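Number of protein chains: 2
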Amino acid sequence: MTAPLEFEITARDGAARRGLLRTRCGVLETPAFMPVATYGVVRGVSPRDLIYLGAQILLANTFHLHERPGEEAIAKAGGLHGWSGWRGPWLTDSGGYQVTSLAERARVSEEGVAFASPLDGRRRLLTPESAVAIQEALGADIAMVLDECISTGGADAERSAAAMERSLRWAERCARARRRGDQALFGIVQGGSDVALRQRSARALAGLGFDGIAHGGLGLGEESELRAALVAEAHNAWPEQQPRYLMGLGRPEDLVAGIAQGVDLFDCVIPTRHARHGMLFTSAGSLAIRNARFAGDDDPPDPGCACPACSSHSRGYLRHLFQVGDALGPRLATLHNLRFYFQLLERARRAITSGSFAALHAEVAAAARTRVA
Amino acid sequence: MTAPLEFEITARDGAARRGLLRTRCGVLETPAFMPVATYGVVRGVSPRDLIYLGAQILLANTFHLHERPGEEAIAKAGGLHGWSGWRGPWLTDSGGYQVTSLAERARVSEEGVAFASPLDGRRRLLTPESAVAIQEALGADIAMVLDECISTGGADAERSAAAMERSLRWAERCARARRRGDQALFGIVQGGSDVALRQRSARALAGLGFDGIAHGGLGLGEESELRAALVAEAHNAWPEQQPRYLMGLGRPEDLVAGIAQGVDLFDCVIPTRHARHGMLFTSAGSLAIRNARFAGDDDPPDPGCACPACSSHSRGYLRHLFQVGDALGPRLATLHNLRFYFQLLERARRAITSGSFAALHAEVAAAARTRVA
Chain A
-9 MTAPLEFEIT ARDGAARRGL LRTRCGVLET PAFMPVATYG VVRGVSPRDL
41 IYLGAQILLA NTFHLHERPG EEAIAKAGGL HGWSGWRGPW LTDSGGYQVT
91 SLAERARVSE EGVAFASPLD GRRRLLTPES AVAIQEALGA DIAMVLDECI
141 STGGADAERS AAAMERSLRW AERCARARRR GDQALFGIVQ GGSDVALRQR
191 SARALAGLGF DGIAHGGLGL GEESELRAAL VAEAHNAWPE QQPRYLMGLG
241 RPEDLVAGIA QGVDLFDCVI PTRHARHGML FTSAGSLAIR NARFAGDDDP
291 PDPGCACPAC SSHSRGYLRH LFQVGDALGP RLATLHNLRF YFQLLERARR
341 AITSGSFAAL HAEVAAAART RVA
Chain B
-9 MTAPLEFEIT ARDGAARRGL LRTRCGVLET PAFMPVATYG VVRGVSPRDL
41 IYLGAQILLA NTFHLHERPG EEAIAKAGGL HGWSGWRGPW LTDSGGYQVT
91 SLAERARVSE EGVAFASPLD GRRRLLTPES AVAIQEALGA DIAMVLDECI
141 STGGADAERS AAAMERSLRW AERCARARRR GDQALFGIVQ GGSDVALRQR
191 SARALAGLGF DGIAHGGLGL GEESELRAAL VAEAHNAWPE QQPRYLMGLG
241 RPEDLVAGIA QGVDLFDCVI PTRHARHGML FTSAGSLAIR NARFAGDDDP
291 PDPGCACPAC SSHSRGYLRH LFQVGDALGP RLATLHNLRF YFQLLERARR
341 AITSGSFAAL HAEVAAAART RVA
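Protein sequences appear in the order of chains A and B. Residue numbers for the first sequence follow my numbering, beginning at -9 and rising by one. Residue numbers for the second sequence follow my numbering, beginning at -9 and rising by one.
In short, the hints are calculated from the structure, not lab data. Among the hints, a few may not be true.
[As the list claims (entries may be wrong)] With a straight-line Cα cutoff of 25 Å, these simulated DMTMM-like cross-link-like pairs (lysine to aspartate or glutamate) come out:
| id | chain 1 | residue 1 | chain 2 | residue 2 |
| --- | --- | --- | --- | --- |
| 1 | A | 66 | B | 110 |
| 2 | B | 66 | B | 110 |
| 3 | B | 66 | A | 287 |
| 4 | A | 66 | B | 292 |
Just so you know, these numbers come straight off a predicted model, no measurement behind them.
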């Protein structure tokens, strides 16, 4: 069995690094941002659009796909790639986060997570073994272990420790459950907001033969300084040559902060969800395009942008689309925000190569301070 | 003042005719189908998409645009063309149909139609003069006269006659109200389901200097044989070398029936509205894509089609998009149906040139009989 993943670091700038990540279905340049395709689709956007925008890899939610249409249907249609038409790499989460946050009456035991299906109310059980089996059926290029997610904000130390230890035992069971040699599997560091727990989690995961590491349970309200310390501790305890993934974050400033610490992969619903609410990221801060002051504005949303929205439409027209509830509004905003994110990551990669990442980091952090939302 | 419209008939096959219609903002080949862009946008579809699909001309609804964002805002942004990004020809309706069908407490008098704005409840008045002024401000290439619309089905002869006579007086007022020499204005034949009334309407309109004729108040439940008779009578009474427009119709079989009678222009919400409900037109009849039997279907919606939906996606995946309520479902279905319509019109134009239109007419009529919806 050849390795399901190869990662090559091609440039460094401080702790930031640029690399090439080879998966079964394609190579991507890191640091990379993964748009969220919950149900196997980035809302309102086709694979054709994503190629045009410069997407490299998508993230799908195992829990949602397990519910609809089910992994068997997707496997039969050629896996995520054949079924959805996005032929590039896919990463799937394990379903654990959605099960505990979305399913009704979710109950966590050592065996796994028992829950009632939101669709038909039937009791189901997600175990480390079934999480791996479902992701293998989906045919993801990169799968994630099942972990027990708790919020960093509210959890006490004892609960954080217990969830982390259980997540470790589940990670071991996930590693043993693997059947496909061509699918990468990432471990997930847990431990809430306790630096020592995160360190122990990362060290223990390092011995289990995973293809990469992820930071779980972050971006849930913790201060950015604390988050940086938690990320740093895990990085110290993990093989440096493996890819690192900061799950579920975030805003542009979160991405550059993560990149500065050596994170390679990101995913977040922010660019697409904000877009659907009319919030556009631009080089000069963000625009709430529904705002009445854009009614007669003939300028493009972002004069420096060449996306389908900015190259053809004015702020006034885009606002009108949102006002009348036309689906083209959210769509154009989504195309714009995704392009903004991909461009940001492209700039980060170039800056790492040219040794100027600190300047980009400072610029994005400063823009964040002027942002409305 | 040069003519705002030039129409050249380039081929004939029976009563069917092929032509070139030159408007201020571009030439189109007829017979042509106009997608409905109610609020200045074909729902979920961009001008870029429309160019790709082969659209030639769009129809916008004066009433809706008058409400939002208002004709002044559109005029200030360069008219419909500059504002919306669709730089090809635009036709606008007069607003009369929407006012009487959508506005609350619409009251028709000789002066015009008084109504309460659905947005803010304020009383407004649409007159023949204001209908022309609004359409001139919008900058349409082709404008329509204000007419009094009544249904052909339910109206008695007296009411039909009165509405037709009033529509004639309004048409005269519209003709006198024109200020722009670069905007075409079409008259609208009324007269309900009375052949003699339609004839009188068309004859009277012919003397008023319009640039084209339209059939109003059809497709409201009347039998197709009756409709054919009403259309034929109006055509007989109208200058043959002017463009003819059958308003608001229809299904593929309605289009070919109209073309067979020498109609040049069509508009209808059917392809786009059906698409949003998951109804796809194909060469082998229509597909209700939400149907459970398409769940595991790996075939494209229409194997013979090269649209973005059929070239990249299966019926099973398209059904899934509708099941999970993703905006990409209605969007892909809309792209497909519009392409189907444009292809049908392209086939009709070629068939007229090659003298084989009767065969196409028969084929489409036969396909309609096998259609589900």
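Status of each hint after checking the structure:
Taken as a hint, the residue 66 of chain A and residue 110 of chain B pair is broken in the structure, with Cα atoms around 53 Å apart against an allowance of 25 Å. About 23 Å separates the Cα atoms of residue 66 of chain B and residue 110 of chain B, which keeps this hinted pair within 25 Å; it holds. Proposed proximity of residue 66 of chain B and residue 287 of chain A is supported: the alpha carbons are some 10 Å apart, at most 25 Å. As the CA atoms of residue 66 of chain A and residue 292 of chain B are separated by approximately 20 Å, the hinted pair is consistent with the 25 Å bound.
The structure does not agree with numbered hint 1 stated previously, though it agrees with all others.
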